[in-house]
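Participant: So the sequence lines, in the order shown, correspond to chains W and F. Sequential numbering from 1 applies to the first sequence in full-length UniProt numbering. Sequential numbering from 1 applies to the second sequence in full-length UniProt numbering.
Just so you know, the hints here were simulated from the structure itself, not pulled from any lab data. Check the hints yourself; a few may be wrong.
Remember, identical chains collapse to one label, so a pair may be satisfied in a single copy or spanning two.
Below are the DMTMM-like pairs computed for lysine to aspartate or glutamate, each with C-alpha atoms no more than 25 angstroms apart in a straight line [said to hold, decoys possible]:
| id | residue 1 | residue 2 |
| --- | --- | --- |
| 1 | 322 | 432 |
| 2 | 182 | 143 |
| 3 | 339 | 519 |
| 4 | 339 | 175 |
| 5 | 339 | 517 |
| 6 | 182 | 342 |
| 7 | 339 | 325 |
| 8 | 339 | 458 |
| 9 | 415 | 572 |
| 10 | 50 | 69 |
| 11 | 50 | 38 |
| 12 | 79 | 519 |
| 13 | 322 | 46 |
| 14 | 415 | 581 |
| 15 | 339 | 498 |
Quantities reported herein were computed from a predicted structural model and do not represent experimental measurements.
Number of protein chains: 2
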Amino acid sequence: MSHALSRRDLDFLLYEWLDVEALTRRERYAEHSRETFDAVLDLTADIGEKHFAPHNRVADANEPRMRPDGTVEMIPEVKAAMDAYGESGLITGTFDESVGGMQLPTVVARASMAWLQAANASTASYALLTTANAALLAEYGTDDQIETFVKPMLEGRWFGTMCLSEPQAGSSLADITTRAEKQDDGTYRVTGSKMWISGGDHELSENIVHLVLAKTPGGRPGVHSISLIIVPKYLPAADGGRGERNDITLTGLNHKMGNRGTTNTALAIGDGTHRPGGRAGAVGYLVGEEHRGLSYMFHMMNEARIGVGFLATALGYVGYLKAVEYAAGRAQGRPLGAKDPESPQVPIIEHTDVRRMLLAQKAYVEGGLALGLYCSKLVDDQITAADADEAAEIGLLLDVLTPIAKSWPSQWCLKANDLAIQVHGGYGYTRDYDVEQHYRDNRLNPIHEGTHGIQGMDLLGRKVIMQGGKGLGLLTARIAATVAAARAAGGAAADYADRLDVAWTRLVDLTGALWADRDPAVALANSSVYLESFGHLVVAWLWLEQFLAVGDAQGDFYDGKRMAARYFFRHELPQVGPWIDLLASMDSTSAEMNPAWF
Amino acid sequence: MSHALSRRDLDFLLYEWLDVEALTRRERYAEHSRETFDAVLDLTADIGEKHFAPHNRVADANEPRMRPDGTVEMIPEVKAAMDAYGESGLITGTFDESVGGMQLPTVVARASMAWLQAANASTASYALLTTANAALLAEYGTDDQIETFVKPMLEGRWFGTMCLSEPQAGSSLADITTRAEKQDDGTYRVTGSKMWISGGDHELSENIVHLVLAKTPGGRPGVHSISLIIVPKYLPAADGGRGERNDITLTGLNHKMGNRGTTNTALAIGDGTHRPGGRAGAVGYLVGEEHRGLSYMFHMMNEARIGVGFLATALGYVGYLKAVEYAAGRAQGRPLGAKDPESPQVPIIEHTDVRRMLLAQKAYVEGGLALGLYCSKLVDDQITAADADEAAEIGLLLDVLTPIAKSWPSQWCLKANDLAIQVHGGYGYTRDYDVEQHYRDNRLNPIHEGTHGIQGMDLLGRKVIMQGGKGLGLLTARIAATVAAARAAGGAAADYADRLDVAWTRLVDLTGALWADRDPAVALANSSVYLESFGHLVVAWLWLEQFLAVGDAQGDFYDGKRMAARYFFRHELPQVGPWIDLLASMDSTSAEMNPAWF
Chain W
1 MSHALSRRDL DFLLYEWLDV EALTRRERYA EHSRETFDAV LDLTADIGEK HFAPHNRVAD
61 ANEPRMRPDG TVEMIPEVKA AMDAYGESGL ITGTFDESVG GMQLPTVVAR ASMAWLQAAN
121 ASTASYALLT TANAALLAEY GTDDQIETFV KPMLEGRWFG TMCLSEPQAG SSLADITTRA
181 EKQDDGTYRV TGSKMWISGG DHELSENIVH LVLAKTPGGR PGVHSISLII VPKYLPAADG
241 GRGERNDITL TGLNHKMGNR GTTNTALAIG DGTHRPGGRA GAVGYLVGEE HRGLSYMFHM
301 MNEARIGVGF LATALGYVGY LKAVEYAAGR AQGRPLGAKD PESPQVPIIE HTDVRRMLLA
361 QKAYVEGGLA LGLYCSKLVD DQITAADADE AAEIGLLLDV LTPIAKSWPS QWCLKANDLA
421 IQVHGGYGYT RDYDVEQHYR DNRLNPIHEG THGIQGMDLL GRKVIMQGGK GLGLLTARIA
481 ATVAAARAAG GAAADYADRL DVAWTRLVDL TGALWADRDP AVALANSSVY LESFGHLVVA
541 WLWLEQFLAV GDAQGDFYDG KRMAARYFFR HELPQVGPWI DLLASMDSTS AEMNPAWF
Chain F
1 MSHALSRRDL DFLLYEWLDV EALTRRERYA EHSRETFDAV LDLTADIGEK HFAPHNRVAD
61 ANEPRMRPDG TVEMIPEVKA AMDAYGESGL ITGTFDESVG GMQLPTVVAR ASMAWLQAAN
121 ASTASYALLT TANAALLAEY GTDDQIETFV KPMLEGRWFG TMCLSEPQAG SSLADITTRA
181 EKQDDGTYRV TGSKMWISGG DHELSENIVH LVLAKTPGGR PGVHSISLII VPKYLPAADG
241 GRGERNDITL TGLNHKMGNR GTTNTALAIG DGTHRPGGRA GAVGYLVGEE HRGLSYMFHM
301 MNEARIGVGF LATALGYVGY LKAVEYAAGR AQGRPLGAKD PESPQVPIIE HTDVRRMLLA
361 QKAYVEGGLA LGLYCSKLVD DQITAADADE AAEIGLLLDV LTPIAKSWPS QWCLKANDLA
421 IQVHGGYGYT RDYDVEQHYR DNRLNPIHEG THGIQGMDLL GRKVIMQGGK GLGLLTARIA
481 ATVAAARAAG GAAADYADRL DVAWTRLVDL TGALWADRDP AVALANSSVY LESFGHLVVA
541 WLWLEQFLAV GDAQGDFYDG KRMAARYFFR HELPQVGPWI DLLASMDSTS AEMNPAWF
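For reference, chain W alone in the conformation it holds in the complex (with noise of 0.2 angstroms):
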């Protein structure tokens, strides 16, 4: 069988930790069960296995090529996976009934995604980003576009984009220079260039939604001005075919370190290399209103930053279990103290430091997990929440923890392949065996939807001030009921609670600190740091509940989660002290190093 997450985990995970069941007697998901969640699973597994690994090695070997007619040369294993999945109907897990969606929880979804992006990070991405495209359209398309372009995509023939960065604006939007100009018609044509669109061409799918950021006339400056289009690699036709090529076209595939079987493009849109309609420029259909663009694109980026963790944590799970594999199996050297240089070499997995390495990765794999499928959850919690205070509340817990969600996995479970590599060792530097892979692939988190340095300042500078820190508050009464609820177990929850407590309790009352001059360049000087913190506390916290969900149960894998959550709480929480101490003592090393001193 080949690897890709542990479904024993998810099981604790899901049913014994998070009680997903018990979302089954919600309105919303009434007609599921604890068995359509195992059958939505169980599907997954088996076409991640059939379809999805095979050739995860083979398409990183292999990258797609641009063809002198300006196609995309690629292995047919990715469209053939993707047939089998747009088959299985997976692509609507979350989707309404009322547009041929399942209705599942998205937490449910979220893992059954997960597991294909351990299967095939590269591949599974084709997924994701047509998920994320037909729920932006379905949250704020019209019912006219949500037929025309959300029913293609969920029946797995259209596939979706995002397409925000240019050449000149990666990370920056309020410089983006696409224009959107509305024509008599009501339809718009765009003319710009995109920067490092995934999925921005390919032959997988008869046809390609692009969701695009553009500048309409009339906006204020800077990011009031971006509306949101809708453009289609080819205009739909009446039949709910495609109709005409539309003008945007690919102008160069981006060779990339990992994630080579994910197209990654740039895109001229509007050059008039096509003349839909007899002229230059793509035709474009406006999402919602006009100058609205960004927001519409900030609530997907909320689901896709969330994605961005899922699939940081699924490339690190997948490493774990290989390397737990590869350590079990794989004998050298001797136990310490051995007196005899010929008895037999034992599996490394005997060696305490190898353990080391192995804990490691799981207690951040294991911990990425958790993060993300609690996100997940609260998501399902938030649309069947009883009033609208509960969602927004609910909401503002999301919006602080989604950077956490983002970056903590990025960075962690990216620093467990590293450690699957050293587990290998020099077999692990070889593409012989797939960790290297993993390491490469996972190395893009950091960067995409919004770099680690832009999530600090998301979560510092934004995040946890927002509304006098109403959100902030909501997580700390989160943490404080676990942690009350820990120090009534006792023993090493208890333990592990006033070290939890203690270092929360500090940064929660530095963030006051922070800010208390007003000054952004201040209190933001290390707002990577204070991120770090934040992530580590929070995963801490989330081991925490998993060590309370765990309880006094016995067998091998409850006393592995007891011994992840140990390692947590003794290698890892502690590293939390000098973070906080440096935000503390209002650091300003970088602040104040000049760019002529490098």
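Fit chain F to the supplied structure of chain W, relying on the hints for placement.
Facilitator: Same frame as chain W, now just chain F:
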């Protein structure tokens, strides 16, 4: 100009800090002067820029291939570079004048080699391996062996390798199965398989001199039966050229994540592919005495380990220089609080978080270079010591520092490459920029020449306790001298000194505590954490040394040094606190973890 190292920084470290010029007052180096040292560095920079740097990425994208006839196909630029290097005479750097060497101080030769490693790590490896091989033979070989094997290597005509690992014995040399049998004529016949042999085959040189670890009959079990045998690819001819093809053949090339320009090979020895003297079995020549092979190799391995540290540093350094250049040139975003969204974008080096990432890189790579040069200068001090006692003391100090010189840059200069990618954003993840290659190349370094874990065992299990901890005491005395000088200097230096002193004293005290009950399983349970704590403190000490060497000097360069020292003491040194706490707690989490619980 292509990037490599900073000549300004090298000049500072060599002349302003280490006072390498004073070496010319010692007899061995009396023929030299700062002018000859500078000439070596100038020549290196010229060769690096003309012959090494230009094909660095080309070699990565076109890795060596094994032809059907068993020879190696490689881009021609590698041979051109190595020919230029051979002609330059640089390879003779540290060798005695009596064998045609330049008799340079090690510290200067290392600086020269590091420059080439930064320009092109993979091509430079052929030179480094040949130097190490020749140095070992120059020390332990007979006059005849020196004449036959060392001279052609110093002429750049023959290359050398080190053949230690085998498929079933990577880190565990006791388990090698290659055997050598003495023949009536005094030569040996060797049979076995070797794995991970860098430079193990190629067509770059007329001949390849392999130094092979093999077991010879009669020794005690394990490592005590290992001898060191010269196995040339071609037997030496009477005229000094190459004679009959020896029975050592390439069976496969390893395909690696990085460092692709250096062939890494599996070799069959004595399998009858060639029949020197009419029969199967590779002809070999014993170095020194039987069963002492590992001790000769360990002498070389210490140098090789310092060499790996330089390699890691060089890769981190060149990535840092490229990141600074990119950050100064890439416009993106605006200063915090900028009111006008249409004001011009600023270079990203204006963003504090980008400067944090650059400062971290600067602290790592300049710290790593200081560490490597310090150790190299110790080698010179040892060679030119006044008496045997002084030489022995310096040798002990080097023994203690070697695991750090190898492991610390392998960890932190790899981290520097990670940050160089992050500074480049999406572009850094593409193969259009160099930094992703440096990162892939550098990932090798925590693995080869003794993994990170093995360095930890070597440091805590052997180096700091041998001779009753004498080596550790010598290091402590040097650190104490720096601390005293810094306290006398006052100001920031005194503050840094206090921080270092407290942490170092704790670590030294702890060393005894860990070994209190003499149980290696207890003492070594967290040896990697010990290694990392030790390394960070050693580099903190060397940053304090640099800070003192800067003194009150004025100018951008010195301001940069001061800020990097400040960064190290404020951001990096405090991280050691929780690591030492963990060690002090005698944490047994990894030791107690049961393999069945993963």
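Participant: Give me the numbers of the hints this structure contradicts, sorted from smallest to largest.
Facilitator: As far as the earlier hints go, 7, 10, 12 and 15 are violated by this structure, in ascending order.
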